[in-house]
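Start from chain A and add chain B according to the hints.
In order, the protein sequence lines correspond to chains A and B.
The first sequence begins at 0 in numbering that gives the first Met the number 0 and counts up one residue at a time.
The second sequence begins at 0 in numbering that gives the first Met the number 0 and counts up one residue at a time.
Keep in mind that the hints are not guaranteed to be accurate.
Heads up, the list lumps identical chains together, so a pair's fine if it works in one copy or across two of them.
List of simulated lysine-lysine pairs, DSSO-like, C-alpha gap at most 27 Å [as the list claims (entries may be wrong)]:
#, residue 1, residue 2
1, K182, K143
2, K318, K199
3, K322, K55
4, K63, K257
5, K63, K328
6, K103, K146
7, K47, K143
8, K182, K149
9, K118, K4
10, K282, K199
11, K146, K43
No lab work stands behind these hints, which were simulated from the structure alone.
Protein chains: 2
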Amino acid sequence: MKTTKISSKLLNLIKQSSSFLIVGHINPEGDSIGSSLALALGLKKLGKKDICVLSKDPVPENLKFLPWARTIKRRRPAREFDVVVLVDCNSMERTGFETFRARKTAIIDHHVLPAETAKSPFYTSLSAGIIDPGAAAAGLLVFKVLKALKVELDKTIATNLYAAILIDTGGFRYSNSSPESLKTACHLVEAGASPWNISKEIFENIPFRGLKLLGLTLATLERKDGIAWITTTEDMFRETGTTSEDCEEFVDFPRKVKGAEVAIFFRQAGENVYKLSLRSKGKVNVRKIAKSFGGGGHDAAAGCKVTGSLKEVQNKVLKVARKALKETK
Amino acid sequence: MKTTKISSKLLNLIKQSSSFLIVGHINPEGDSIGSSLALALGLKKLGKKDICVLSKDPVPENLKFLPWARTIKRRRPAREFDVVVLVDCNSMERTGFETFRARKTAIIDHHVLPAETAKSPFYTSLSAGIIDPGAAAAGLLVFKVLKALKVELDKTIATNLYAAILIDTGGFRYSNSSPESLKTACHLVEAGASPWNISKEIFENIPFRGLKLLGLTLATLERKDGIAWITTTEDMFRETGTTSEDCEEFVDFPRKVKGAEVAIFFRQAGENVYKLSLRSKGKVNVRKIAKSFGGGGHDAAAGCKVTGSLKEVQNKVLKVARKALKETK
Chain A
0 MKTTKISSKL LNLIKQSSSF LIVGHINPEG DSIGSSLALA LGLKKLGKKD ICVLSKDPVP
60 ENLKFLPWAR TIKRRRPARE FDVVVLVDCN SMERTGFETF RARKTAIIDH HVLPAETAKS
120 PFYTSLSAGI IDPGAAAAGL LVFKVLKALK VELDKTIATN LYAAILIDTG GFRYSNSSPE
180 SLKTACHLVE AGASPWNISK EIFENIPFRG LKLLGLTLAT LERKDGIAWI TTTEDMFRET
240 GTTSEDCEEF VDFPRKVKGA EVAIFFRQAG ENVYKLSLRS KGKVNVRKIA KSFGGGGHDA
300 AAGCKVTGSL KEVQNKVLKV ARKALKETK
Chain B
0 MKTTKISSKL LNLIKQSSSF LIVGHINPEG DSIGSSLALA LGLKKLGKKD ICVLSKDPVP
60 ENLKFLPWAR TIKRRRPARE FDVVVLVDCN SMERTGFETF RARKTAIIDH HVLPAETAKS
120 PFYTSLSAGI IDPGAAAAGL LVFKVLKALK VELDKTIATN LYAAILIDTG GFRYSNSSPE
180 SLKTACHLVE AGASPWNISK EIFENIPFRG LKLLGLTLAT LERKDGIAWI TTTEDMFRET
240 GTTSEDCEEF VDFPRKVKGA EVAIFFRQAG ENVYKLSLRS KGKVNVRKIA KSFGGGGHDA
300 AAGCKVTGSL KEVQNKVLKV ARKALKETK
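Looking at chain A on its own, in the form it has when it is part of the complex:
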């Protein structure tokens, strides 16, 4: 089983500090929110008094049930902190803030560190951190940090960490569902996390209007040459009274198409503007496809924004996707 070595520098920094600003990334999902809250709750258990969890964007509707989610602040407190800890992200840009008032900066993340970031003054001035792209979720790293700090897990911490791992492993489905992620999930359930309650809140609490939107969107399903795609238009949002928040997971559906290696979700985001989510079943690197349109992400899950009419956008993107698919053969 792969294990991550937790840096003693990070542990010492935590032990020696007393005020913490914990920040996740923009457009936060379960790993960002759950890991941040779990870290905050763990530090509280260690007797740290001044802890603030910060998120530029609001907590998504289906994550508001997470213990202590209501305490998350959207504005930077005016006071200075001993340490700011970036969780589930590794650059200032991803936090959505320009600066933080903190004497030291630390990172707990599992994303690949871009070469530019590694050379940036922000990164070279880091006090401590753990960046492990091999970890399925930042939640697994926070779990290890808390364990190394001898924090006894309770239900609030376990629930937040379970949600973090659940989201980032696609419900223990993706290839990152390591023995470690399952073993950690097992510990978390023993510590009080309830798989059904958490899954119910995250996956089984879709507004009626969202499923209506899904029905309309699935009617657009097309496939060709190992690529499957769907489209949500602004008309559909209007007809169902929905917003982009209602179609966060829609790209999962073209991905489910048998024989589809690449799945694309085209979401209209203005006149002649489309936001794309791309998924790969393993053969194609969709981060490269997204990058060629100025986007980014992971090898198997990426996104970008493309302008033009729907037809133009689809033609452009499908062409690049077809080429990428051909190169794998």
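For chain B alone, coordinates are given in the frame of chain A:
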């Protein structure tokens, strides 16, 4: 952690026998198929030479990837076996066969034993068995049996058992996702099961036509008083070139509706005949609702067949469901 005591009678029976007929249930799913195959492969590793896995109904399309699934027979061999082992079911009726040529009968199952079955000659003449309704999947019981028999797991066994547990815990989402199921999954991944490959085959391999059918079906989504329901008609099957096999998981969608405590899927199965799948989020016992129409199942997942026009059927069933829901308040 809850553990099941494996009966020494069962272990001795296995040790002392050399030919085995292993039978799952009609309309088999991942737990029935995966557990049966894993048991067969495990017994083979113990040096047992004559093993036959039998299934009345064919292996579903999305389970054909399971190691050794192709060896499953649909017809009873003429020869006599030392033991017939019923897996994931506990009555002859559920196997779809009337008799087996076997000197002894054993059961490995996790379904509640109906009072009638417990009194039946079939049951009282059982040679050995393990029936544990507390187990999330029959696969967990087979895992324990193989462990007790000191069978070393390999990738083929681990893959079959992982699929079994994955299916019956709803991908580790349902309330039966015990620490035990997660810990066992962890062992299985360490023994060679690949979460992504298995999940991909089971959940991400939906025929294009099936997703088209889902789109049409979601357009029928309705909800009232904590009940959400959808309908697939024979017209929709014709329009998309699909069959009932394409809508096996459709009931998951009304279940996802926020605020829905009961989800119902009405599937037309002839003129004025509807097959229903019912799901509960925990408050309502849908087995009781199904039972009042001559059906059955589990407390949270049940089914029945109701005759009448769609409107008549829906009115009848929704009335009973509303009453059941009211009684929980």
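Hint check results:
In this homomeric assembly, K182 and K143 come within 27 Å of each other (Cα to Cα) both inside a single copy, at 12 Å, and across copies, at 18 Å. In this assembly of identical chains, the alpha carbons of K318 and K199 lie at most 27 Å apart only when taken from different copies (25 Å versus 39 Å within one copy). Taking the shortest alpha-carbon separations for K322 and K55, neither the intra-copy value of 37 Å nor the inter-copy value of 45 Å comes in at or below 27 Å. Taking the shortest alpha-carbon separations for K63 and K257, only the inter-copy value of 14 Å comes in at or below 27 Å, while the best intra-copy value is 34 Å.
For the identical chains of this complex, K63 and K328 are inter-copy neighbours only, at 25 Å across copies versus 44 Å inside a copy, given an alpha-carbon limit of 27 Å. In this homomeric assembly, K103 and K146 come within 27 Å of each other (Cα to Cα) only inside a single copy, at 22 Å, whereas the closest approach across copies is 51 Å. Proximity of K47 and K143 under a CA criterion of 27 Å is satisfied intra-copy only: 18 Å inside one chain copy versus 44 Å between copies. With identical chains, the CA atoms of K182 and K149 are at most 27 Å apart both within one copy (18 Å) and between copies (22 Å).
With identical chains, the CA atoms of K118 and K4 are at most 27 Å apart within one copy only, with a shortest distance of 23 Å there and 58 Å across copies. Taking the closest pair of Cα atoms, K282 and K199 come within 27 Å of each other only across two copies (13 Å); inside a single copy the shortest separation is 32 Å, beyond that limit. For the homomeric pair K146 and K43, the shortest alpha-carbon distance inside one copy (14 Å) is at most 27 Å, but the shortest distance between copies (42 Å) is not.
Taken one by one, the earlier hints fail for this structure only at number 3.
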